Amino acid sequence: MSGKLPAVTLVLGGARSGKSAFAERLVEAASPMRFYLATGQAWDEEMRARISTHQDRRGAGWETVEAPVELAEALADAARADRPVLVDCLTLWVTNLMLGEHDIDAAFERLAKTLPGLKGPVVFVSNEVGLGIVPDNAMARAFRDHAGRLHQTIAGLADEVHFVAAGLPLKMKG
Amino acid sequence: MSGKLPAVTLVLGGARSGKSAFAERLVEAASPMRFYLATGQAWDEEMRARISTHQDRRGAGWETVEAPVELAEALADAARADRPVLVDCLTLWVTNLMLGEHDIDAAFERLAKTLPGLKGPVVFVSNEVGLGIVPDNAMARAFRDHAGRLHQTIAGLADEVHFVAAGLPLKMKG
Amino acid sequence: MSGKLPAVTLVLGGARSGKSAFAERLVEAASPMRFYLATGQAWDEEMRARISTHQDRRGAGWETVEAPVELAEALADAARADRPVLVDCLTLWVTNLMLGEHDIDAAFERLAKTLPGLKGPVVFVSNEVGLGIVPDNAMARAFRDHAGRLHQTIAGLADEVHFVAAGLPLKMKG
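Chains as they are written, first to last, in UniProt numbering: chain A, 1 to 174; chain B, 1 to 174; chain C, 1 to 174.
Next up, chain A with everything else stripped away, as it sits in the complex (with noise of 0.2 Å):
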C-alpha cells in the first residue's frame, strides 16, 4: 500500500522552503490514509498561523497526532498501522525537549532505536539552521548544535534523503 516509500526519509531543508509541502507529497503519493505527527504547538499567534496554514494544504485522508515531546512513543503508535506517517518538524521537537528542559541524548536515542521496528513508512521534515552566523546567545548555538547532531542520526538510518530550496529536492542520499 505504501510501497512507493522507502523506510525512513528525511527531508531538510530551510524556512518556507516549500519543505513540508514536498514531503506531504510523497506521502500523499503512497497512501490514501497516513498520519501526521503535529510536534508544533501554538503558544502564539503567529504559530497558531503557521500550523492553520500546514492543516488547511493538507486535505482528507491525514489522521493528526499532536506529539510535541514524546515523539518516539507517537511514531511507534502510529506505525503500528501500517500507514506511512509524516512528522512535521524535528527542529520544533528539540525546541520542545529544550524548553522542557528534557533529556535531549536520551530522546534522541529513543527516537533512533524505534525507527528500525517501526511497520509503516516514517518521512521527517525539519529545517537545516545551522548555514548562517554563529548565533549571539547560548540557547541558541546548542539549539543548532542538537538540531545537527540529530540530523547526522536520522540521514545516517534515513533510506532517502532530500534538501528542499526554493521548493526543489535535491536528493542527498538513495
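In short, the hints are calculated from the structure, not lab data. Any given hint could turn out to be false.
It does not matter which identical chain is meant; a pair holds if it fits inside one copy or across any two.
Stated by the list, open to error - Think about it this way: if two alpha-carbon atoms lie no more than 27 Å apart in a straight line, the pair counts; the simulated DSS-like pairs of lysine-lysine are:
hint: 1; residue 1: K113; residue 2: K4
hint: 2; residue 1: K4; residue 2: K171
hint: 3; residue 1: K4; residue 2: K173
hint: 4; residue 1: K119; residue 2: K171
Being a predicted model, the structure only gives us computed values, none of them experimental.
Start from chain A and add chains B and C according to the hints.
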C-alpha cells in the same frame, strides 16, 4: 541572439557566494547588449560600496535601470527590447516592498504574471536567507517568509534554477 | 602514499553538519600519517569543549599543529613532509585575523599563493555562514563577506569541493 538562455532563470545563493558574478556570466554569454535591473538603493555608505563593486565588475554592454519597487513594470519595459535582463536581486526588492509598506502579495502576483509575456530572457538573482537560526525579531521572520514564498513562485515558473556556493553553481532545475 | 587525495580539497558545511568528520575520513583514507592544522583557539570553556570533542574523535596518526593566524606559513611547513594536511577550519582563521586586526586581504593572498607549491595534499574545512538573515552588526556582516570571498578563492583553486549537510557530502566540483 540570446538563444543560450531559457526564458526564466533563477540564481539562488548566500551572501558573497558569487551568485551575481555567475548570473552576469550567463547573461553576458547570451548577448552583447543587456539590461541590468538594479533593485538596490544606496541608502548608506556600506550599500553604496557594494553597488559600486558590482558596477565595476560589470563591463560594457550593460544598460542599468533602477527598479527598487516597480519591478514588474521595469521588467516588462526592458524585455520589450529583446535583450536579456538581469534582475539583481529579489531579496533587496522584498526589503524595499516591506520598508515602503507595499502590498507584498499583490507585488509578487504582478511579477509572476509578467513573466510568461516577456520577449527576452530574464535571470533573477536572489539571496537564500532561510538556513540560519529563526531570527529574534518579527520583521526578519516576515522577511524570510516573504523571500521563501517568492523563491518558490519564481522557481516554479523558471526553466532553470541554480544554487551557488563558493562560486560554484549547482543546478536544481532544468 | 596519499594518491587518493587531489592537491587541494575544500569541505564546506554548516554548524554540526559532520563536515570535520567527513574531511578527517578523506585524509585518514589517504595516509597513516597526517597533519592536523588547528586554527581554533580555546579562549573559553565552550570552545575548549568543542576542540576536545574533535580531538577525541581523531585517532592515532595525527600530528596537531596550532595555526591560529600564520596559516600559510604553517601549511607550507607541514606540507613539506609529504603527508596530507587537514586545516580545520578556515572560518575560525578568519575570526582570528579579524580579532587580531590583521590585513585580511594580504593573509588571503599569502594562503592562495602557498597552495600551488605544496608537496602533500591539503583538505580545508570551513563553515558556510552566508545563508541566514543579514546580521544586525557590521562586524558579523564583514565576517561573512570575508568568509565568502575566501571560499570563492579556495574553491577556485581546489580540485574538489564538497558541501556537507546532515553528514552527507554533495560534490560541487571535481
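Check your understanding: Can you give the numbers of the hints that this structure goes against, from lowest to highest?
Key -> The structure conflicts with no hint, since it agrees with every one listed earlier.
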